[in-house]
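In order, the protein sequences belong to chains A and B.
Heads up: the first sequence at position 14 corresponds to 14 in this note's numbering, and the numbers run straight through without jumps.
Heads up: the second sequence at position 101 corresponds to 101 in this note's numbering, and the numbers run straight through without jumps.
Certain hints may be false.
As the list claims (entries may be wrong) - Interface residues of chain B toward chain A, partial, derived using beta-carbon atoms under 10 Å:
| id | residue |
| --- | --- |
| 1 | F63 |
| 2 | E92 |
| 3 | P97 |
| 4 | A147 |
| 5 | M151 |
| 6 | L152 |
| 7 | P170 |
| 8 | G173 |
To be verified - FRET-style restraints, in silico, Cβ to Cβ:
| id | chain 1 | residue 1 | chain 2 | residue 2 | range |
| --- | --- | --- | --- | --- | --- |
| 9 | B | D36 | A | Q51 | 26 to 32 Å |
| 10 | A | E69 | B | A224 | 50 to 56 Å |
| 11 | B | A224 | A | V21 | 55 to 61 Å |
| 12 | B | P148 | A | Q51 | 46 to 52 Å |
| 13 | B | A157 | A | Q58 | 26 to 32 Å |
Worth flagging that the hints you see were computed from the coordinates, not collected in a lab.
Note that the structure is predicted; figures quoted are calculated from it, not measured.
The beta carbon of each residue, even a glycine, is placed where N, CA and C say it ideally should be.
Residue strings, one per chain:
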Amino acid sequence: MRARVLIRPKEGILDPQGQAVERALPALGFEGIEHVHVGRMVELDVEDASQLDRLCEQLLANPLIEDYEVELLEHA
Amino acid sequence: MKFGVLRFPGSCDEVDALLACRRFGEAELLWHHDRDLRGADAIVVPGGFSYGDYLRAGAIARFSPVMEAVAEFAQAGGLVFGICNGFQVLCEANLLPGALLPNSERRFICRQMDVVVENADTPFTRACARGERLSIPMKHMSGRYYAPDAMLDEMEANGQVALRYAPGGPHNGSARDIAGVTNEAGNVFGLMPHPEHAVDPLTGSTDGGKLFASIAESAAATVAA
Chain A
1 MRARVLIRPK EGILDPQGQA VERALPALGF EGIEHVHVGR MVELDVEDAS QLDRLCEQLL
61 ANPLIEDYEV ELLEHA
Chain B
1 MKFGVLRFPG SCDEVDALLA CRRFGEAELL WHHDRDLRGA DAIVVPGGFS YGDYLRAGAI
61 ARFSPVMEAV AEFAQAGGLV FGICNGFQVL CEANLLPGAL LPNSERRFIC RQMDVVVENA
121 DTPFTRACAR GERLSIPMKH MSGRYYAPDA MLDEMEANGQ VALRYAPGGP HNGSARDIAG
181 VTNEAGNVFG LMPHPEHAVD PLTGSTDGGK LFASIAESAA ATVAA
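Take these sequences, add in the hints, and give me the full structure.
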């Protein structure tokens, strides 16, 4: 099964990457965009999706500083 | 006493760490596939970019065979000192509390600066005095120490904040100016600045040697006991 894991900085933790992107927007003429946050996406094929939470907790995300969500996609 | 200095693919400060250790004891390099710490009395996890810093700094090194041995060694009370990327590895391995995030200014900071000894009663700082300033270089992209406030309060009360950045220095955004912390038991220590680059008068400061001297003294005392 194809799975997509979205990882983002936890609410309230300073996200300098998101801020840098947000600050660059007006110079490019984009207006009215705020609260930009930059995270990571991991895509993978997995036989047993029940292990994904453990995989996220132990490796893909650091639960102290990041939130994650797992999205299961259709069979590839 | 003998230091064991780890080497991961992507480490770059392990040779300086090895040479710094050799000023205060014997030292040998341990490869990331080693499961045997070869009788080392203290372990140094060096700086660099282990496994390319992929995913998060330190996240992958944590799963190397040698880190299993280091975790067992630490649980048995052995002294473990992580520098820069080594600090990140120890946090990812849950051997130290907290995490290190990208610097708040989004810049790589590389300069000589002072850290203040907050707790001189640790095995890593016993050759220093409380309040003493050590001039040590820092060079990192992800040195912003973070832990939730309640955890920080507990760590401060427990004397785990061993070193803080001196006021007025370059700022990486670390919570409460924290530069180095120990675990609750006090036998694992992580520090962002690089004491191994400050052991020879040639490079301007020998203050970093005090940390290696502390470890050598502490380990020798344990071996003798």
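Which of the listed hints are not met by the structure?
-> Per hint list: 6, 7 and 12 violated.
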